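Participant: Residue numbers (the UniProt record's numbering): 1 to 78.
I should point out that these hints are in silico values taken from the structure, not numbers from a laboratory.
Here the structure is a predicted model, which means the values were calculated and not measured.
For every residue, glycine included, the Cβ atom is placed at its ideal position computed from N, Cα and C.
Misleading hints may appear alongside valid ones.
[Unchecked claim] FRET-style restraints, in silico, Cβ to Cβ:
no.	residue 1	residue 2	range
1	Gln-23	Glu-48	37 to 43 Å
2	Gly-72	Met-52	18 to 24 Å
3	Ala-67	Ala-15	47 to 53 Å
4	Lys-19	Ser-51	34 to 40 Å
5	Gly-64	Met-41	50 to 56 Å
6	Asn-10	Phe-38	32 to 38 Å
7	Glu-20	Ala-67	25 to 31 Å
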Amino acid sequence: MADNNNNNNNPGNFANRPKEDVQAAAKKGGQASHSGGFASMDPEKQKEIASMGGKASGGSFEAGSEAAAEAGREGGAK
Numbered sequence: 001m002a003d004n005n006n007n008n009n010n011p012g013n014f015a016n017r018p019k020e021d022v023q024a025a026a027k028k029g030g031q032a033s034h035s036g037g038f039a040s041m042d043p044e045k046q047k048e049i050a051s052m053g054g055k056a057s058g059g060s061f062e063a064g065s066e067a068a069a070e071a072g073r074e075g076g077a078k
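Please construct the entire structure, taking both the sequences and the accompanying hints into account.
Facilitator: Structure below.
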């Protein structure tokens, strides 16, 4: 690890990483480690999925189920 005086061993902190690691990360130029999602798809594939009107999602509940109703009542409340 880098030599510092604050005794912070958090590897997420670039000050605690070897210079070579920091340079390698910097060379990536902010590029994400994954390919994105819907926005990065081929336009034809987007159109195909969008035309399904939400049916592409497997969904979590059977339509009209009591579990779905309960989840709706709870909403995002915690």
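Participant: Okay, Glu-20 versus Ala-67 on CB: inside 25 to 31 Å?
Facilitator: violated, 52 Å
Participant: Given a hinted range of 34 to 40 Å, is it respected by the beta-carbon distance of Lys-19 and Ser-51?
Facilitator: The hinted range 34 to 40 Å is violated for Lys-19 and Ser-51, with Cβ atoms some 51 Å apart.
Participant: Does the Cβ-Cβ separation between Ala-67 and Ala-15 fall within 47 to 53 Å?
Facilitator: holds, 48 Å
Participant: Using the C-beta atoms of Asn-10 and Phe-38, is the stated range 32 to 38 Å upheld?
Facilitator: For Phe-38 against Asn-10, whose Cβ atoms are near 33 Å apart, the range 32 to 38 Å holds.
Participant: Assuming the hint says 37 to 43 Å, is it satisfied by the Cβ distance from Gln-23 to Glu-48 or not?
Facilitator: holds, 42 Å
Participant: With 18 to 24 Å as the target window, see if Gly-72 and Met-52 comply at their CB atoms.
Facilitator: This hint holds: roughly 23 Å between Cβ atoms.
Participant: Is it true that the C-beta distance of Gly-64 to Met-41 lies inside 50 to 56 Å, as the hint says?
Facilitator: violated, 32 Å
In summary, the structure is inconsistent with hints 4, 5, 7 from the numbered list given earlier, while agreeing with the others.
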